[in-house]
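Participant: Given next are the chains, with one letter for each unit.
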Amino acid sequence: MPLITYREAIKQALAEEIERDENVCILGEEVAQYNGAYKVTEGLWDKYGDKRIIDTPISEAAFSGLAIGASMLGVRPVVEMMFMSFSYVAFDQLFNNASFCRYMSGGLMNVPIVVRGPANGGTNVGATHSHTPENLVANHPGLKVVCPSNAYDAKGLMKSAIRDNDPVFVMENTLLYGEKWEVPEEEYVVELGVANVLKEGSDISIITHGRCAMISLKAAEILAEKHSINAEVIDLRSIRPLDETTILNSVKKTHRAVLVEENKPFCGVDAQISHLIQYKAFDDLDAPVHRVSAIDAPQIYSKPLEDWQIPNEERIIESVLKCLA
Amino acid sequence: MSSAASTKKAVRKTSKKRAYETSEINAQLSKEEKIELYRTIVGIRRFEERSLQAYNQGKIGGFLHLYIGQEAVATGIVSLMEENDHIITAYRDHGHALAVGMNMNECMAELFGKYTGCSKGKGGSMHYFAPDKGFWGGHGIVAGQTPLGAGLAFALKYKGLKGCAVCFLGDGAVNQGSFMETLNLVSLWGIPVVFVIENNGYSMGTSLKRSSAEESLAKRGEAFGIKWDTCEGHDVFEVREKANEAMTYARDELKPFLLEIRTYRYRGHSVADANHEKYRTKEEIETYKKNKDPINVLRKKLIADKTLTEASAKEIDQEKKVEADASAKFAEESPYPPKSELTNDVYWTVDNDTDQQLKGTYFFND
Numbered sequence: 011m012p013l014i015t016y017r018e019a020i021k022q023a024l025a026e027e028i029e030r031d032e033n034v035c036i037l038g039e040e041v042a043q044y045n046g047a048y049k050v051t052e053g054l055w056d057k058y059g060d061k062r063i064i065d066t067p068i069s070e071a072a073f074s075g076l077a078i079g080a081s082m083l084g085v086r087p088v089v090e091m092m093f094m095s096f097s098y099v100a101f102d103q104l105f106n107n108a109s110f111c112r113y114m115s116g117g118l119m120n121v122p123i124v125v126r127g128p129a130n131g132g133t134n135v136g137a138t139h140s141h142t143p144e145n146l147v148a149n150h151p152g153l154k155v156v157c158p159s160n161a162y163d164a165k166g167l168m169k170s171a172i173r174d175n176d177p178v179f180v181m182e183n184t185l186l187y188g189e190k191w192e193v194p195e196e197e198y199v200v201e202l203g204v205a206n207v208l209k210e211g212s213d214i215s216i217i218t219h220g221r222c223a224m225i226s227l228k229a230a231e232i233l234a235e236k237h238s239i240n241a242e243v244i245d246l247r248s249i250r251p252l253d254e255t256t257i258l259n260s261v262k263k264t265h266r267a268v269l270v271e272e273n274k275p276f277c278g279v280d281a282q283i284s285h286l287i288q289y290k291a292f293d294d295l296d297a298p299v300h301r302v303s304a305i306d307a308p309q310i311y312s313k314p315l316e317d318w319q320i321p322n323e324e325r326i327i328e329s330v331l332k333c334l335a
Numbered sequence: 013m014s015s016a017a018s019t020k021k022a023v024r025k026t027s028k029k030r031a032y033e034t035s036e037i038n039a040q041l042s043k044e045e046k047i048e049l050y051r052t053i054v055g056i057r058r059f060e061e062r063s064l065q066a067y068n069q070g071k072i073g074g075f076l077h078l079y080i081g082q083e084a085v086a087t088g089i090v091s092l093m094e095e096n097d098h099i100i101t102a103y104r105d106h107g108h109a110l111a112v113g114m115n116m117n118e119c120m121a122e123l124f125g126k127y128t129g130c131s132k133g134k135g136g137s138m139h140y141f142a143p144d145k146g147f148w149g150g151h152g153i154v155a156g157q158t159p160l161g162a163g164l165a166f167a168l169k170y171k172g173l174k175g176c177a178v179c180f181l182g183d184g185a186v187n188q189g190s191f192m193e194t195l196n197l198v199s200l201w202g203i204p205v206v207f208v209i210e211n212n213g214y215s216m217g218t219s220l221k222r223s224s225a226e227e228s229l230a231k232r233g234e235a236f237g238i239k240w241d242t243c244e245g246h247d248v249f250e251v252r253e254k255a256n257e258a259m260t261y262a263r264d265e266l267k268p269f270l271l272e273i274r275t276y277r278y279r280g281h282s283v284a285d286a287n288h289e290k291y292r293t294k295e296e297i298e299t300y301k302k303n304k305d306p307i308n309v310l311r312k313k314l315i316a317d318k319t320l321t322e323a324s325a326k327e328i329d330q331e332k333k334v335e336a337d338a339s340a341k342f343a344e345e346s347p348y349p350p351k352s353e354l355t356n357d358v359y360w361t362v363d364n365d366t367d368q369q370l371k372g373t374y375f376f377n378d
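As given, the protein sequences belong to chains A and B, one line each in that order. For the first sequence, the numbering used here assigns the number 11 to the initial residue and increments by one for each residue that follows. For the second sequence, the numbering used here assigns the number 13 to the initial residue and increments by one for each residue that follows.
Looking at chain A on its own, in the form it has when it is part of the complex:
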């Protein structure tokens, strides 16, 4: 199986879907002639031209809303947010119109758009460019959100998102764009709502999503080597819909859970997961559910502190040891 980058995997997904369906087009700032701010769309404009790959002015509200309106008539726009942080400029369009139009019309319409872009910290850019709003999206019934942690999932989830008839946010990660994973040449999709057991284990469940899944996997290796702890690592992949079954099965097996995410803790995704575990697996728990989140402050600029602010192996290991104590 060829090793390709997370960036290349997303590009393949976009290209394949553009080829498959004439209604799929890509809109965003610098996506066409500039080849993408993070080069995710590199070469697509050369190949598919102005109709399918569309450069927008810096007007997130207008082009997000335009994509939503166009999707009502059957166009399937993939909207790139240069940073998912910029979706806040288009809040009304994405969080009122994309999410609620179907409901408010009593099901007379649907909004098949994808909103994709990097949603991560750890890049030394300060608080305005480091949002991880998957919790915010998941708090809006009508929206779906996925957080691929590796190239295989990024491609498979992106293809599912584009084919989905509801609005789907795909939260990417700039720190993963250059990382490589094995990705098959044959066509495949990764369904929404299916978690991935990255590593089986018996002592504790580390439940996580996005880049934190990769960090958790490394932490689990260290835990095995240095502490003889056999941790299971569950990568949620999809936040809404959520694979509750895989979470609960794991906790019922290990009796302990540490939840790891880059979200800030208050009302983060893991607040919901934590509730789920205590509500549906209360009698299976041998310890309180522990959480490792971004340290609860606006994202700091200073690099060494930011690296500490977002979850790292050290903080995960510490939390696992506490949970097992």
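Hints are computed from structural coordinates only; laboratory data are not their basis. Even for Gly, the Cβ is constructed at its ideal location relative to N, Cα and C. It cannot be assumed that every hint is accurate.
Here are a few chain A residues that face chain B, going by a calculated C-beta distance under 8 Å [what the hints assert, rightly or not]:
#, residue
1, P67
2, C111
3, Y113
4, M119
5, D253
DSBU-like mimics (lysine-lysine), calculated; alpha carbons at most 30 Å apart, straight line [as the list claims (entries may be wrong)]:
#, chain 1, residue 1, chain 2, residue 2
6, B, K371, A, K209
7, B, K174, A, K61
8, A, K262, B, K371
9, A, K332, A, K313
10, B, K171, A, K49
11, A, K263, B, K371
12, A, K57, B, K169
13, B, K267, A, K61
14, A, K61, B, K169
15, B, K301, B, K231
16, A, K57, B, K267
Assemble the complex: chain A is given as a structure, and chain B must be docked to it using the hints.
Facilitator: Showing chain B alone in chain A's frame:
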């Protein structure tokens, strides 16, 4: 067009008395079509008067933004819609809904929050939709519909269909950033959308003078290289002529157009607006009603050209009153949506998951 001089010219041009009913787009109307315009305008008025009564009886909750006084605008423009045309508006949407042919029963039932409503009681007054009739809402947030309107028109161009989208907005919406962003985008990309500013003089309780630095709202189009015009909204024939020019231009040239239509609402911003006779004078309201009421203006013209008689006009009026009363009865007698409806129509994939293929949890109720 350039600068202030052209603005004055445009204003002067529209204030000149013209016999719009004899212009080409109106002269070709059959007698039946003219009667239909009258029936629509009267129907909107009677429907809304009946809804106000129900609101005051406590049958309707939330907001009720009445269109009374502005009826000729939606009626005139909808009458010009061609096969591939679409419309979208904000929260003062009852007139547009009835004009595209939604029936009073489904509209009234929606106000009552009933299951038989056009949105099954899930949207309410501000959120009427009829995609099968080219009507895409019904949107609650000021100017939030403007990029959506651009998107409808974008889709037409993308699919190679000849048509246009008409996106209605109020004079308050012109100061929202999303609208200004959208103006730039549609001009830049050549999108066949007509923005119709229904300028009723007040953004809620704040007069135009107190909210917009430049009183000619359509003139803002110049900053974006968008063709613009203004007209009066009490005469359905004037609305039709000006809107026809704008819509034809959008369809033929694949370009946007900005049309400001001066109109007036008799009632408050919403029924809950208790101050609407404080931020404007009673006299101002009465003067408009007396001289420019869209029903009276049209009735006089149709009686003058013998399309209607006093008696036949009265008959239409009576018929619409009866229809509105019947819709209130229908709404009253209709059931509320069952509790199971709360989580339907949220996700297309869930609603259409007939063979239970979907994975994962979609709703998080304990």
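Participant: State for each hint whether it applies.
Facilitator: Against the structure, the hints:
{"no.": "1", "hint": "P67", "result": "holds (6 Å)"}
{"no.": "2", "hint": "C111", "result": "holds (7 Å)"}
{"no.": "3", "hint": "Y113", "result": "holds (5 Å)"}
{"no.": "4", "hint": "M119", "result": "holds (5 Å)"}
{"no.": "5", "hint": "D253", "result": "holds (5 Å)"}
{"no.": "6", "hint": "B:K371 with A:K209", "result": "holds (21 Å)"}
{"no.": "7", "hint": "B:K174 with A:K61", "result": "holds (17 Å)"}
{"no.": "8", "hint": "A:K262 with B:K371", "result": "holds (20 Å)"}
{"no.": "9", "hint": "A:K332 with A:K313", "result": "holds (27 Å)"}
{"no.": "10", "hint": "B:K171 with A:K49", "result": "holds (28 Å)"}
{"no.": "11", "hint": "A:K263 with B:K371", "result": "holds (22 Å)"}
{"no.": "12", "hint": "A:K57 with B:K169", "result": "holds (21 Å)"}
{"no.": "13", "hint": "B:K267 with A:K61", "result": "holds (17 Å)"}
{"no.": "14", "hint": "A:K61 with B:K169", "result": "holds (10 Å)"}
{"no.": "15", "hint": "B:K301 with B:K231", "result": "holds (27 Å)"}
{"no.": "16", "hint": "A:K57 with B:K267", "result": "holds (27 Å)"}
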